[in-house]
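Participant: All chains, full assembly: derive it from the sequences and hints.
Protein chains in written order, with this note's numbering: chain A, 1 to 87; chain B, 1 to 87; chain C, 1 to 148; chain D, 1 to 148.
Any given hint might turn out to be false.
Between beta-carbon pairs, the in silico distance windows are [unchecked claim]: (1) THR2/D with ARG71/A: 33 to 39 Å; (2) GLN38/D with PRO54/A: 26 to 32 Å; (3) ARG7/A with ASP66/D: 34 to 40 Å; (4) ASP103/C with HIS101/D: 18 to 24 Å; (5) ALA16/C with MET1/D: 20 to 26 Å; (6) MET1/D with GLY49/A: 42 to 48 Å; (7) THR2/C with GLN87/D: 23 to 29 Å; (8) THR11/A with PRO24/D: 44 to 50 Å; (9) GLU89/C with THR10/D: 25 to 31 Å; (10) MET1/C with ASP66/D: 35 to 41 Å; (11) ARG73/A with ARG118/C: 57 to 63 Å; (12) THR70/C with ARG7/B: 42 to 48 Å.
So these bits of chain B aren't anywhere near chain C, every CB distance computed over 12 Å [said to hold, decoys possible]: (13) ALA6; (14) ARG7; (15) MET8; (16) THR9; (17) GLU30; (18) ALA32; (19) GLY33; (20) ASP34; (21) THR36; (22) LEU41; (23) SER42; (24) ASN43; (25) ARG73; (26) ASP74.
Here chain C is said to cover these stretches of chain B; the calculated rule only asks that three of the stretch's residues, wherever they fall, bring their Cβ under 8 Å from a Cβ of chain C [unchecked claim]: (27) 15-22; (28) 58-65; (29) 75-85.
Hints listed in this document are in silico derivations from the structure and should not be mistaken for laboratory results.
Virtual Cβ for every residue (Gly too), placed ideally from N, Cα, C.
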Amino acid sequence: MYDAIARMTVTVLLFASYAEALGASSLAVEVAGDATVADVLSNVRAQPGADRLPPMPLVAVNQQYADAHARVRDGDEVALIPPVAGG
Amino acid sequence: MYDAIARMTVTVLLFASYAEALGASSLAVEVAGDATVADVLSNVRAQPGADRLPPMPLVAVNQQYADAHARVRDGDEVALIPPVAGG
Amino acid sequence: MTPLATLVLTPIDPMALVRAASGPGNGAVILFLGAVRQVNEGRDVTGIDYAAYEGMALRELQAIVDEGATRFGTADVVVEHRLGELQVEDISVGIAVGHAHRDAAYAVSRWVIEELKRRVPIWKREHYTDGTREWVDPTGHVSAGSPR
Amino acid sequence: MTPLATLVLTPIDPMALVRAASGPGNGAVILFLGAVRQVNEGRDVTGIDYAAYEGMALRELQAIVDEGATRFGTADVVVEHRLGELQVEDISVGIAVGHAHRDAAYAVSRWVIEELKRRVPIWKREHYTDGTREWVDPTGHVSAGSPR
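Facilitator: Structure representation (structure tokens):
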């Protein structure tokens, strides 16, 4: 028998200061099949350097801003968005 | 003996709709030596077509906005300023 | 840059204004362009001629850019107004403002165009498709030169 | 004109933006340019590199120009943001807005730049004269990548 809830993989994108903090611009993160943005963030926090992320970073799922409760699906692109500074 | 108050001449400039109304872009106007802008305007009102001027046109004396009580001097340039429409 | 006001009979070069208002301290440059519209108050316009009391207009314009350059902190301000016959889409006025910050740059730009429209002795006569021409009175009164 | 948002790696051409926002119905065209300042918050800057989450940045920019084009009546709106390495005085962003009237043109211009700064995922790293580089955090927090 295997887990009732399947595991899935999302791609976490990191930019600017966040990419520097974690030393990577993307991570493949495995989470439970019913995972939310918050679950993905918890997983990212286990990475070295993640202590330099703020408590509640902005997140986009598939290029749309999303809140911590939003569900993610297998293959989603979950981007952590540092404070924007365009213009 | 001659007049205690000498006569003097000012140049009245007319623009745009005012020039059309009076059929002239400038007038030589003779007024008393102690004349004000109001006196110059009274003189202009005697001209044909001046009935088409508004009751209180804007006036500039020597390229500065001036009110009806301002004194004018011999040789002054007194401009009647239609509603401005620059830009 | 010295604040600069100009009256011209020839086409306005917007990029020259932008360059004049640019500089290493200016994080924001705003260019305002006024252009001849094809329709004004429901009437079809084929062109406009602009006339001015040139000497006074230039003095007033210069006074406006001088004040605009210091009124909201130090700004680079340059204004050019065209006179003579203009066609639809021709630029009648260009105002470029450079400032360290955009808040002030917008404020200066807006202040300059409003002052210009309030007090610079320039007039425009619209040409309509029916061949008539009429001096525009922004105060809404019937123009003295064009009884209707 | 279709509202148009662009990301570019090459220099921005301000006149191309002005032309795109011009038209026979537009009595006012406003061009906003953001440029790299030599000094920011008291530190000497030699250049900036701009990075973006390109796909999302382009979608957000396009959503902003689409909304800007109808929010204050119909306007022509075009926005271009540059990415990569910029020097002092280089233009990082250009926004051109054309509208029948200047009130609305200013309102759209201002709204577009504020929205851009609020939500488009673009970041900038300033290069200082002492050789250090730092990601700019407009919220005022110390950047995660640059402990001080």
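Participant: With reference to the structure, classify each hint as holding or not holding.
Facilitator: Okay, the hints, checked on the actual structure:
1. THR2/D with ARG71/A: 33 to 39 Å: Given a distance of about 35 Å, which is inside 33 to 39 Å, the answer is holds.
2. GLN38/D with PRO54/A: 26 to 32 Å: Check passed, 30 Å falls within 26 to 32 Å.
3. ARG7/A with ASP66/D: 34 to 40 Å: holds, 39 Å
4. ASP103/C with HIS101/D: 18 to 24 Å: Since ASP103/C and HIS101/D have Cβ atoms about 22 Å apart, the given range 18 to 24 Å holds.
5. ALA16/C with MET1/D: 20 to 26 Å: Given about 25 Å between the Cβ atoms, the range holds.
6. MET1/D with GLY49/A: 42 to 48 Å: This hint holds: roughly 46 Å between Cβ atoms.
7. THR2/C with GLN87/D: 23 to 29 Å: Given a distance of about 26 Å, which is inside 23 to 29 Å, the answer is holds.
8. THR11/A with PRO24/D: 44 to 50 Å: With Cβ atoms ~48 Å apart, the hint holds.
9. GLU89/C with THR10/D: 25 to 31 Å: holds, 28 Å
10. MET1/C with ASP66/D: 35 to 41 Å: For ASP66/D against MET1/C, whose Cβ atoms are near 37 Å apart, the range 35 to 41 Å holds.
11. ARG73/A with ARG118/C: 57 to 63 Å: holds, 60 Å
12. THR70/C with ARG7/B: 42 to 48 Å: Check passed, 45 Å falls within 42 to 48 Å.
13. ALA6: holds, 28 Å
14. ARG7: ARG7/B clear of chain C: closest Cβ-Cβ about 26 Å, beyond 12 Å.
15. MET8: About 22 Å separates MET8/B from the closest Cβ of chain C, which puts it past 12 Å; holds.
16. THR9: holds, 20 Å
17. GLU30: The claim holds: GLU30/B sits with its nearest Cβ about 23 Å from chain C, beyond 12 Å.
18. ALA32: holds, 26 Å
19. GLY33: holds, 25 Å
20. ASP34: Label holds. Min Cβ-Cβ 25 Å, cutoff 12 Å.
21. THR36: Answer for THR36/B: holds, closest chain C Cβ roughly 20 Å.
22. LEU41: The assertion about LEU41/B holds, with a minimum of 14 Å to chain C.
23. SER42: holds, 18 Å
24. ASN43: At roughly 18 Å from the nearest Cβ of chain C, ASN43/B sits farther out than 12 Å, so the non-interface label holds.
25. ARG73: holds, 18 Å
26. ASP74: holds, 20 Å
27. 15-22: That given contact holds, which follows from 7 residues of the stretch 15-22 of chain B lying within Cβ reach (below 8 Å) of chain C.
28. 58-65: Answer holds; 4 residues pass the 8 Å Cβ test.
29. 75-85: n = 6 at 8 Å, threshold three: holds.
Violated hints: none; the structure is consistent with every hint.
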